[in-house]
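**Student:** Same order as they appear, the protein sequences are chains A and B. Under the numbering used here, think of the first position of the first sequence as 1, with each following residue one higher. Under the numbering used here, think of the first position of the second sequence as 1001, with each following residue one higher.
Source of the hints: derived by calculation from the structure; they are not laboratory data. It should be emphasised that the depicted structure is a prediction, and the values quoted were computed from it without experimental measurement.
List time: in silico DSS-like cross-link candidates among lysine-lysine, alpha-carbon distance up to 25 Å:
| hint | chain 1 | residue 1 | chain 2 | residue 2 |
| --- | --- | --- | --- | --- |
| 1 | B | K1098 | A | K62 |
| 2 | B | K1124 | A | K30 |
| 3 | A | K24 | A | K89 |
| 4 | A | K89 | B | K1085 |
| 5 | A | K50 | B | K1101 |
| 6 | A | K39 | B | K1098 |
| 7 | A | K50 | B | K1054 |
| 8 | A | K62 | B | K1124 |
| 9 | B | K1101 | A | K89 |
| 10 | B | K1101 | A | K62 |
| 11 | A | K30 | B | K1132 |
| 12 | B | K1124 | A | K39 |
| 13 | A | K19 | A | K100 |
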Amino acid sequence: MNLNFDVKSVTSDMVNAVKGVLKKQWPEVKDYADEEMDKITRRAELILKKYAAGEINEDEAKLLLQMQKNAAAGTLAVLEGISRLTAEKGVNAALGVLNKAIKGILPFDLIG
Amino acid sequence: MRNIQFCSARSRGIIVLIAFFIVIPITTCTVKFLSDYDQLTDQLAQDLYKSLAKLEIEDPNYEAEIKEIGAKIKVLKARAESIAKNEPTIKAVIELEKNYKLLVTVESEVAFQPAIETMLQQAKQIMELEIKKKRGVK
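Please build the complete structure, drawing on both the sequences and the hints.
**Tutor:** The structure is reproduced here in structure tokens:
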């Protein structure tokens, strides 16, 4: 199983995806989005490694990513002028980018 | 003519009263972003953080401890919801609660640690929000 994906480049593309959704609030959101997208890609990297090593199963892999997604949405949603729904839209857009990048690495869809 | 002038003066008086009792308080409330610092929210979030930090899946009391954490999240949510202009904290607690519901389904130690780390980040975020309020950030 080839576990490699370009973490830096994917993180940058994910941040741009969030920017696409949160254009108006971007100056306030940028720093938080950078940090949260970095956490998500690092978590995805860890999940891939642990799944490949047989340490976690499919359900646990999905659950760990879902938890990181919730945490990221929570962080963005506490910023002024951003609703939970908008924050989730932003994070979902970023996860779409991640999904594309890791497609084929796992035998299942990590982002359900 | 005199009557008209009298009415105008009275109207002006009424407008001033409206400004004092309705317009000014509304404006003040809408400009304010965060509620005031709440010591109880701060304590509850700190307590939750400590409980999460010491939680271990192999602990014989794991079931009881995880239930206690669930109860603490409920109390924190109720407290956050009882305070006006507290949307940021409420949103953060709701996302934390979502992750608690996922945490109770974790069965392996390997998945447990990253799950707890995520929840610790979230509890810390709630504590940081209260610190911001204490510093007077609005």
